[in-house]
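Student: Chain by chain, the residues run as shown.
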Amino acid sequence: MTMEGKIQQISVFARNEPGRIKRITEVLSCEKINIRAITIASGDDYGVIKLLVSDPRRAYRVLKREGFSVALNKVIAVQMEDKPGGLYRLLEILAENEINVEDAYGFVIKSGETAVLVINVKDIEKGIKILSQQPVKLLVEKDLYEL
Amino acid sequence: MKSFTKEQVLEEGKNSIEFLKREELEKIQVNRLKKTIERANNSPFYKNIFKKEGIHPEDIKCTDDIRKLPFTTREDLRENFPFGFIALSLNKIVRVHTSTGTTGKPKAIFFSKKDVDEAAGLIARCMRMTGAGPGDVFQNMMSYGLFTGGLVFHYGAEKAGVLVIPAGAGNTEKQIELMRDFKTTIVHITPSYALYLADILEEKGIDPEEELNLQVVYLGAEPYSQKTREKIEKIYGVNAFNCYGLSEMNGPGVGFECPLKDGLHIWEDNFILEVVDPLTGEPLPDGREGELVLTTINREAMPIIRYRTGDITFIYPQVCGCGRTHRKISPIKGRTDDMFIIKGVNVFPSEVERVLMDTPEVARNYQIVIERERSLDIMRIRVEIKKRFFDGSLEHLKELQEKIKSKVKSELMVTPRVELLEPGTLPRTTGKSKRVIDKRRL
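Quick note, the sequences are listed as chains G and X, same order.
Under our numbering, the very last position in the first sequence is 415; numbers go up by exactly one each time.
Under our numbering, the very last position in the second sequence is 444; numbers go up by exactly one each time.
No lab work stands behind these hints: they were computed from the structure.
From the three backbone atoms N, C-alpha and C, an ideal C-beta is built for every residue, glycine too.
Hints are not guaranteed to be accurate.
[Stated by the list, open to error] Just so you have them, the derived chain G footprint on chain X, three or more residues with Cβ under 8 Å:
no., stretch
1, 392-403
2, 422-429
[As the list claims (entries may be wrong)] Once the Cα atoms are required to be at most 20 Å apart in a straight line, the calculated SDA-like pairs of lysine to any residue come out as:
no., chain 1, residue 1, chain 2, residue 2
3, X, Lys407, G, Asp313
4, X, Lys388, G, Arg283
5, X, Lys116, X, Arg97
6, X, Lys389, X, Pro429
7, G, Lys390, X, Arg24
8, X, Lys388, G, Ile317
9, G, Lys332, X, Lys206
Given these sequences and hints, build the entire structure.
Tutor: Written as structure tokens, this is what we have:
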């Protein structure tokens with residue numbers, strides 16, 4: 269059962285070298301999978317590349333087939349207005365409820381209008397419960413296809 | 003396969019040379035050592051040395067008198083390549099092998115017909131000790147040719163009465179096919195290839211424990227850790243026995259584990275074993291770790307006296323529970339030459355391997371790179387992590403990195419840098435693998 273607000277994020281473990289990210293995007297492009305957002309968290313010699321894509325399950329299978337170390341994780345995606353203070357208010361609410369944000373990144377869909385914030389928290393159910401009481405829109409996977 | 007209880011083995015072996023009383027074994031050793039000196043005197047190399055140092059067979063009254071004799075080194079073998087050590091006329095020599103040459107140039111080892119037969123006899127003894135015999139199907143995955151692991155073991159296996167498949171090294175697809183077609187029960191294999199083969203079987207979706215007939219694995223030609231052995235035993239669902247040998251001493255089967263799998267018996271009716279301090283050459287008492295020194299006392303074409311093997315081990319001070327009187331050495335901890343010194347600490351790659359194999363997240367391949375950064379020595383351990391361990395979290399990867407780092411530090415007293423790699427990054431080898439890359443320019 270997919271609860272409102274949870275979307276699948278792809279993570280790929282890769283050594284820190286230019287060709288690897290290119291290869292990942294190449295594989296996805298061949299499969300006509302659209303990348304909505306990409307972010308790289310780096311260790312020393314390696315990194316974790318996180319992706320929001322149009323078809324996460326297929327992307328997972330395809331990358332796995334190509335030999336990548338890949339994982340599927342649930343994250344929360346919040347759609348909000350692209351204006352100053354929007355992000356601050358959201359994080360404040362999470363902090364008040366003692367929800368620690370392990371990782372977050374955002375992307376703008378339409379400048380000055382809509383932005384999406386992707387957050388990764390330990391207790392995802394609790395995070396969703398709290399955010400759903402706020403005047404924000406929690407995205408579902410279908411929304412990602414249609415962005 | 004026929005399995006023996008300890009009692010049965012003791013019963014059957016009571017009259018065999020494996021269970022001979024020490025005094026009698028030592029009598030054989032003294033006699034054979036005298037004969038060896040006589041024979042060696044026919045070789046240009048030893049003739050010269052014996053003359054210079056005034057050595058005569060009569061000097062040998064007990065086995066300890068071997069200490070009066072000079073060491074033979076790898077350099078001696080190389081410098082006197084190819085015929086300087088031959089103690090028989092060439093027309094009595096039927097075979098030559100050369101060493102695998104892990105380090106440096108090759109060395110030539112010659113066999114008479116009797117030598118070939120005696121070497122085979124020792125292998126047969128080793129195999130019987132592990133319960134192998136007629137009815138077993140033995141696949142030899144060691145390279146045939148100049149390397150002794152192929153041919154010498156092959157002759158021994160035939161002597162033990164098993165069906166031998168001379169598969170040779172590599173060609174993994176074929177190996178798997180042979181194992182399935184002939185229902186192989188025993189393989190002779192390097193530990194790194196055993197792990198590689200396991201990867202390929204996994205990729206093909208073949209469960210080695212369910213779909214192969216393997217019961218016993220002989221692991222040889224490379225030093226490896228107890229953890230690696232356990233890993234191989236678990237993957238294949240087999241008993242894995244440690245097999246030690248070197249071309250200079252016939253090849254495989256110089257030392258072999260009995261069913262107790264705690265140390266390797268050296269056949270002392272064929273070899274005199276000593277462990278010496280690698281720096282001073284002083285003999286060390288049993289139980290103390292040092293360099294293994296071996297003397298052939300049952301070889302005619304090419305006797306070698308007090309050979310510095312370069313292998314680090316110790317002799318078990320106590321008698322083995324299996325009842326065999328021939329003493330045991332510990333599994334080879336490393337070589338005097340693949341040991342490296344970093345920040346003043348002696349490090350054996352096998353110790354690093356033990357830590358890694360004890361870390362479930364780590365896959366089977368690793369590499370140690372030693373570098374010098376602003377006059378500081380740095381040990382970098384490059385490990386591949388298992389695909390299924392990756393859960394998308396960078397934090398977990400960092401924790402794993404820290405865990406390996408602190409484990410290595412507490413066990414080896416050296417703080418390494420740990421580099422995590424995707425599976426398949428490091429080169430996979432089918433033979434002796436080169437685990438250590440020393441980039442220091444000293």
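Student: Work down the list of hints and note, for each, if the structure agrees.
Tutor: Results for each hint:
no. : hint                : verdict
1   : 392-403             : holds (count 9)
2   : 422-429             : holds (count 6)
3   : Lys407/X - Asp313/G : holds (15 Å)
4   : Lys388/X - Arg283/G : holds (14 Å)
5   : Lys116/X - Arg97/X  : holds (11 Å)
6   : Lys389/X - Pro429/X : holds (17 Å)
7   : Lys390/G - Arg24/X  : violated (67 Å)
8   : Lys388/X - Ile317/G : holds (17 Å)
9   : Lys332/G - Lys206/X : holds (16 Å)
In summary, the structure is inconsistent with hint 7 from the numbered list given earlier, while agreeing with all the others.
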